[in-house]
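Residue numbers (my numbering), protein chains in the order written: chain A, 1 to 284; chain B, 285 to 597.
Just to be clear, a hint being listed does not mean it is correct.
[Unchecked claim] If you anchor each label on the Cβ, the simulated ranges turn out as follows:
1) GLY498/B with ALA56/A: 49 to 55 Å
2) VAL336/B with GLN199/A: 33 to 39 Å
3) GLY449/B with LYS140/A: 30 to 36 Å
4) PHE57/A with PRO368/B: 47 to 53 Å
5) SER485/B with SER20/A: 35 to 41 Å
6) LEU333/B with LEU263/A: 49 to 55 Å
7) PHE57/A with ALA321/B: 57 to 63 Å
8) ILE262/A with ASP497/B: 17 to 23 Å
9) PRO172/A with PHE505/B: 38 to 44 Å
10) ILE195/A with VAL386/B: 18 to 24 Å
11) LYS140/A with GLY403/B: 46 to 52 Å
12) PHE364/B with LEU263/A: 47 to 53 Å
13) SER365/B with LEU118/A: 33 to 39 Å
The hints are simulated quantities; they were obtained by calculation from the structure and are not laboratory data. Virtual Cβ for every residue (Gly too), placed ideally from N, Cα, C.
For reference, the chains in residue letters:
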Amino acid sequence: MTADLKVRSTDRGRTGRIISRVAIIVVSAIFVFPFLWMFATSLKPTTEVFSSGASAFGSRVEWSNYLTAWTAIPFARIILNSFLVALGGSVLTTAVSLLSAYAFARLRFRFRDKLFALFLGTLVLPQEVLVIPLYILMNKLGLVNSLVALVLPFAFGAFGAFLIRQFILSLPVDFEEAARIDGAGSLRILLSVIIPLVQAPLAVVFVFSFIDYWSSFLWPLIIINDNTQATIPLGLSMFSGERGTDWGPLMAASAFAVIPSILIVILLQKQLVRGVALGGFGGR
Amino acid sequence: MTVLPQLQSRGPAPVPAASRPAGKEQGQGRLAALYLAPGMLGFCLFIVLPLVASLVISLFDWPLFGDPTFVGFKNYATMFSGDPVFWTVLGNTLLFAVAYTVINLVLSLGMATWLHNLGRWGTVVRILFFIPVVTPMTANALIWRLMLSDDGVVNSVLAGIGISGPSWLSNGPLAMTSLIAMSVWQGLGYNIFVLGAGLSSINPALLEAARIDGAGAWQRFSRIIFPMLSPSLFFCTVMTIIGSFKVFTQPFLLTLGGPGQSTNTIVLYLYRNGFSFDKMGYASALAWVLFVIVMLITALQFSQQKRWVNYDS
Numbered sequence: 001m002t003a004d005l006k007v008r009s010t011d012r013g014r015t016g017r018i019i020s021r022v023a024i025i026v027v028s029a030i031f032v033f034p035f036l037w038m039f040a041t042s043l044k045p046t047t048e049v050f051s052s053g054a055s056a057f058g059s060r061v062e063w064s065n066y067l068t069a070w071t072a073i074p075f076a077r078i079i080l081n082s083f084l085v086a087l088g089g090s091v092l093t094t095a096v097s098l099l100s101a102y103a104f105a106r107l108r109f110r111f112r113d114k115l116f117a118l119f120l121g122t123l124v125l126p127q128e129v130l131v132i133p134l135y136i137l138m139n140k141l142g143l144v145n146s147l148v149a150l151v152l153p154f155a156f157g158a159f160g161a162f163l164i165r166q167f168i169l170s171l172p173v174d175f176e177e178a179a180r181i182d183g184a185g186s187l188r189i190l191l192s193v194i195i196p197l198v199q200a201p202l203a204v205v206f207v208f209s210f211i212d213y214w215s216s217f218l219w220p221l222i223i224i225n226d227n228t229q230a231t232i233p234l235g236l237s238m239f240s241g242e243r244g245t246d247w248g249p250l251m252a253a254s255a256f257a258v259i260p261s262i263l264i265v266i267l268l269q270k271q272l273v274r275g276v277a278l279g280g281f282g283g284r
Numbered sequence: 285m286t287v288l289p290q291l292q293s294r295g296p297a298p299v300p301a302a303s304r305p306a307g308k309e310q311g312q313g314r315l316a317a318l319y320l321a322p323g324m325l326g327f328c329l330f331i332v333l334p335l336v337a338s339l340v341i342s343l344f345d346w347p348l349f350g351d352p353t354f355v356g357f358k359n360y361a362t363m364f365s366g367d368p369v370f371w372t373v374l375g376n377t378l379l380f381a382v383a384y385t386v387i388n389l390v391l392s393l394g395m396a397t398w399l400h401n402l403g404r405w406g407t408v409v410r411i412l413f414f415i416p417v418v419t420p421m422t423a424n425a426l427i428w429r430l431m432l433s434d435d436g437v438v439n440s441v442l443a444g445i446g447i448s449g450p451s452w453l454s455n456g457p458l459a460m461t462s463l464i465a466m467s468v469w470q471g472l473g474y475n476i477f478v479l480g481a482g483l484s485s486i487n488p489a490l491l492e493a494a495r496i497d498g499a500g501a502w503q504r505f506s507r508i509i510f511p512m513l514s515p516s517l518f519f520c521t522v523m524t525i526i527g528s529f530k531v532f533t534q535p536f537l538l539t540l541g542g543p544g545q546s547t548n549t550i551v552l553y554l555y556r557n558g559f560s561f562d563k564m565g566y567a568s569a570l571a572w573v574l575f576v577i578v579m580l581i582t583a584l585q586f587s588q589q590k591r592w593v594n595y596d597s
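Start from the sequences and build out the full structure, keeping to the hints where you can.
Next comes the structure, spelled out in structure tokens:
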């Protein structure tokens, strides 16, 4: 593999490498084309979206599409909602996961391993199976159409606790023992010994949970019916429902939705690489 | 890749004795209960309870508003013998699952190997391929709807080379093909990441030694790379299949389940029954059928993994 290229730096190898690089540029360009086309379309006058064919530019650059997208639905509010939900959800998920992970990794109690196995089994349970009873539950609690309803049901999955538990298990117990001898209680140990050591998996859980909340669509579609409570994916769907053929502003709205995600990928590469390697976001 | 070996036993790895607090012989039940309270309360309320409730609701005629009526197994009887749409939807979902999983795994394995050999370039391209995994599916689907419109850019490019492009989203088999293509584009980067991490963990010296011993490319792949990559491949297969059965947003926004029922899927049909047709009981029965199918397929994969997955690396 890698060794092959290094060993044979003959002419044939060098030509092969150039061909391979040109090919990967072409493949990558085709791959990111949909996003480029989104930006191109977001700057075209609506009447020219189809008449301009395969050309990237219309007769003029229509920046006003972004303004239309921003004002046609309460976009500022929707982006704020998305941030509140994703931030609240990922803080809650990370905190709850840490507490459970600590108990499962370090405390002794009856049925611990059985309980953990049961908990872990739900990793493969599709959330889609649960939406009907969850809707009825939220209805009974009077939470339909609230941001709380968007956050609560999905903060208690097994992924975060599992990942942090694995990490804690790999840590030596020496520091905890030392703290215990100095008279620290378990909460003190968790806060001042464990947390500083598990920052990496906490960051992974936080980032993955954030992205999950940010992109979630089916549940907001079910539980929110008012565009002042919508998150970005739902906002986009509502926008396309109201102005389905107005592609310029619709693609401008899509750009608003896509840009934060692209920034996340570029800025948080390290957490993403680690998280994917540990099995995050299964089943996409 | 600590998670991968975990998949082989299904259960959690036992805590090594050394990590248990020494000196305290009795359990720490009360303390544990405190730490576990938030997590387990939420787990019971939002996962276990709804799962059981879903089974109960499926035995009722349950309108959104108004009183539910107990009907026994009527919803299941209707599904299996009185509702042709169910079989269409099930068939569509299976077709999607098989095509999506196979294409995704073959492409991601090929791409991961290619990128692995490209060094620094590979790292950059891998990030590019990860972007659609993270961007909201609604945006992705809308962009593809625009591109695949009758006068969209795909057909404009085809027209440019003299081909009159078809109606991608309003012809049954083509609509399903578009759905699969869009989904593969969206999900590919994830598996490329996982398989790439698996490839990086293979010691290059091993491959070099095999090469010196005269092993050809195919032999090196089938005797070294594939076995050593098999835990990652197993993980990808399990997760990709589960994901493919949950497909919803793509047909909801790209094809609206049509034309006719040709791209309607289980979860889309579940959503429509529950929230458009006011049949929550029937929707719950669909949910349970989905649950049972996913669990059976996952269990089957775990039971078969000894045949091809190799954990002692």
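Okay, the hints, checked on the actual structure:
1. GLY498/B with ALA56/A: 49 to 55 Å: Cβ of GLY498/B to Cβ of ALA56/A: about 52 Å, so the range 49 to 55 Å holds.
2. VAL336/B with GLN199/A: 33 to 39 Å: With a Cβ separation near 37 Å, VAL336/B and GLN199/A satisfy 33 to 39 Å, so the hint holds.
3. GLY449/B with LYS140/A: 30 to 36 Å: Given range 30 to 36 Å: violated, Cβ gap about 51 Å.
4. PHE57/A with PRO368/B: 47 to 53 Å: holds (48 Å)
5. SER485/B with SER20/A: 35 to 41 Å: At 23 Å between Cβs, range violated.
6. LEU333/B with LEU263/A: 49 to 55 Å: violated (37 Å)
7. PHE57/A with ALA321/B: 57 to 63 Å: Cβ of PHE57/A to Cβ of ALA321/B: about 59 Å, so the range 57 to 63 Å holds.
8. ILE262/A with ASP497/B: 17 to 23 Å: With Cβ atoms ~46 Å apart, the hint is violated.
9. PRO172/A with PHE505/B: 38 to 44 Å: holds (39 Å)
10. ILE195/A with VAL386/B: 18 to 24 Å: Violated, since ILE195/A and VAL386/B (Cβ atoms, about 44 Å apart) do not stay within the stated range.
11. LYS140/A with GLY403/B: 46 to 52 Å: violated (57 Å)
12. PHE364/B with LEU263/A: 47 to 53 Å: At 48 Å between Cβs, range holds.
13. SER365/B with LEU118/A: 33 to 39 Å: holds (35 Å)
Violated hints, listed in ascending order, are 3, 5, 6, 8, 10 and 11; each of the other numbered hints is respected by the structure.
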